[in-house]
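A.B. asks: Knowing the structure of chain A, use the given hints to seat chain B on it.
There are 2 protein chains.
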Amino acid sequence: MGIAALAGGVGASKLLFGLARAMPPGELTIVVNTGDDIEMHGLTICPDLDIVTYTLAGVVNPATGWGIDGDTFAARDYLGRYGRETWFNLGDRDLATHIHRTDMLHRGKTLSECAESIRRALGVKAKILPMSDEPVRTQIETENGLLPFQHYLVKHRAAPRVTKIHFHGAESAEPAPGVLEAIAAADGIVICPSNPLISIRPILAVTGIRDAIAARRADVVAISPIVGGASLKGPSDKMMAELGLEVSALGVARMYRDIVGRIIIDGADAALQTSIEELGVAGSVTGTVMRTGEDKVRLAAYTLTQFKKKASSAPA
Amino acid sequence: MGIAALAGGVGASKLLFGLARAMPPGELTIVVNTGDDIEMHGLTICPDLDIVTYTLAGVVNPATGWGIDGDTFAARDYLGRYGRETWFNLGDRDLATHIHRTDMLHRGKTLSECAESIRRALGVKAKILPMSDEPVRTQIETENGLLPFQHYLVKHRAAPRVTKIHFHGAESAEPAPGVLEAIAAADGIVICPSNPLISIRPILAVTGIRDAIAARRADVVAISPIVGGASLKGPSDKMMAELGLEVSALGVARMYRDIVGRIIIDGADAALQTSIEELGVAGSVTGTVMRTGEDKVRLAAYTLTQFKKKASSAPA
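From first to last, the protein sequence lines stand for chains A and B.
For the first sequence, our numbering assigns the number 857 to the initial residue and increments by one for each residue that follows.
For the second sequence, our numbering assigns the number 857 to the initial residue and increments by one for each residue that follows.
Treat the hints as calculated values from the structure; they're not laboratory data.
You may find that some hints are simply not true.
Which copy is meant is left open, so a pair is good if it fits within one copy or across any two.
Calculated pairs, SDA-like style, for lysine to any residue (alpha carbon to alpha carbon, straight line, at most 25 angstroms) [as the list claims (entries may be wrong)]:
id	residue 1	residue 2
1	Lys965	Thr900
2	Lys983	Arg940
3	Lys965	Glu895
4	Lys965	Ile894
5	Lys983	Gly939
6	Lys965	Gly898
7	Lys965	Met896
Only a predicted model underlies this, so the values are computations on that prediction, with no experimental measurement involved.
Isolated chain A, as found in the complex:
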């Protein structure tokens, strides 16, 4: 059973950890958001690609969900001596990834080739694709002005009120090789429980991806990242509220209704199922909070069973 998954960073990687265990990982293709990418100190840093790769490689820092377990920060501290910004936490081992990738890019390799090199070196069997080989940069329009995404998220800790979100470069970016093919060929497509606004939307904004997903709508299952009216991780809830969206699994279903046949919601949100199905989106209720490895594998396995049901349970 071939599965394609759309993924951001920490939220997605929990489910992906489970998927890579609940199914043959070689049949899993992950399309990863690169709108969060940032150039820093001349290095190209791809936080979501790295989080997904490190997680599936089993080297991720389990305490944070990003970075490499046991990493040190000697280079970052010394970069500070040179007057450089140190708010973005670059570990020493992690830096090797950025150096390797940046050198490959300078030598004319594509971001897909970098991602492939890194996941193979770290022994990851699932296929990991950037959404595009061309740069797309998420920019957050806030009450304090336009902020590059990592400045908004890390430097300003997502504090400024969001008024609009831009995916700079998305309209002219082509999907990376294999992305549309994986979407077209997959038995099922998973939209991971990532921030819909800044993890999934940039992927959909790349030319042709939204249409490709919409064409497979009956085979697309999303997992709501909002549980009980709050995001489990990150500022999804705050951002949704600031943009006037309902902060609930129903709000998520509204955002996804054109591209998703089914949404998996947490038991805490079971009361929303009727409203969700009224949108024409099938609802499945299960525990979606992933604290342990077992939780991740269980939710992944549950997700895989939802494809067989297709959208048959949805109202006409």
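C.D. replies: Quick look at chain B alone, frame taken from chain A:
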């Protein structure tokens, strides 16, 4: 008293440590060999500039004479996971220097500007100039073929027999801003006890530097890096022998006779003084082996006293 010094790496930095204490360091200008520079993983690495800067900043690893004290190697080990060469020891803190410099270069800054930024950030008062802002790369012709310098020195541990030495790019390289001015204005010029063949010659090979030094010959004092027929550090002796040069302070004096008014030799080589003076180079005899900080300051202070004597003690 303004002093200009020509310097390689570890050998030179011992004397420079002393000079920066035996005189007001702000009146010291160091012209550093960049023939040893290497591009690795897309980073521009300048071993001699860094050794000199780290030494004067007091952060050098005292056990090796290069790298930063207490540095770790997490990034290097991870670069190995990506299939990259790890024979060149890049410490994590050290890597910050290379990242900072490479980013500056990519943004259009010169190598001089990088060196200035790094030495100021690390609190070094002496002026540190690369010999040129343009790339010069020392290449060692050996029985095993042509080797870039660091490949010869570090990867092959200086084992292959040397047949010729090239300074690729030197003939078209201009001295960095301030180099000729420092040589012209200095009260005295020191040629540090560096490898004459691969630390000092590349500096002299840059357009105009040899002539500028020769024009100041009476004010140029060299310290022989060969003591008792052997180099104190590195492969100077082996390389000199392979190139058919006499491996002695006299052999060094022969190489420097056109540009040096006086050479300081070790007490162990006192018997060579007459032969050296027959070359028209004044000889001064003192202890030149620098084991302790006191040794370094003492030899530096002694060196400074030799300028007042000028070449007056040399035969006509």
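A.B. asks: When no copy is named, should Lys965 and Glu895 be tagged within, between, both, or neither for a Cα gap of at most 25 angstroms?
C.D. replies: For Lys965 and Glu895, the Cα distance is within 25 angstroms both inside one copy (17 angstroms) and across copies (18 angstroms).
A.B. asks: Please sort Lys983 with Arg940 into within, between, both or neither, judging by C-alpha distance up to 25 angstroms.
C.D. replies: between (35 angstroms within a copy, 22 angstroms between copies)
A.B. asks: Regarding Lys983 and Gly939, is the shortest C-alpha distance of 25 angstroms or less found within a copy, between copies, in both, or in neither?
C.D. replies: Only across copies: Lys983 and Gly939 sit 19 angstroms apart there, 38 angstroms inside one copy, limit 25 angstroms.
A.B. asks: Given a CA cutoff of 25 angstroms, do Lys965 and Thr900 count as a within-copy pair, a between-copy pair, both, or neither?
C.D. replies: So Lys965 and Thr900 pass the 25 angstroms test inside a copy (13 angstroms) and across (20 angstroms) alike.
A.B. asks: With identical chains, the pair Lys965 and Gly898 could be close in the same copy or across copies; at 25 angstroms between alpha carbons, which is it: within, between, both, or neither?
C.D. replies: Both. Shortest intra-copy (16 angstroms) and inter-copy (13 angstroms) distances satisfy the 25 angstroms Cα cut-off.
A.B. asks: Using 25 angstroms as the alpha-carbon threshold, which applies to Lys965 and Ile894: within, between, both, or neither?
C.D. replies: Cα proximity of Lys965 and Ile894: in one copy and across copies (18 angstroms, 22 angstroms).
A.B. asks: Up to 25 angstroms between alpha-carbons, please classify Lys965 paired with Met896: within, between, both or neither.
C.D. replies: Classified as both; 19 angstroms inside a copy, 17 angstroms across copies.
Violation of the numbered hints given earlier is absent; every hint is satisfied by the structure.
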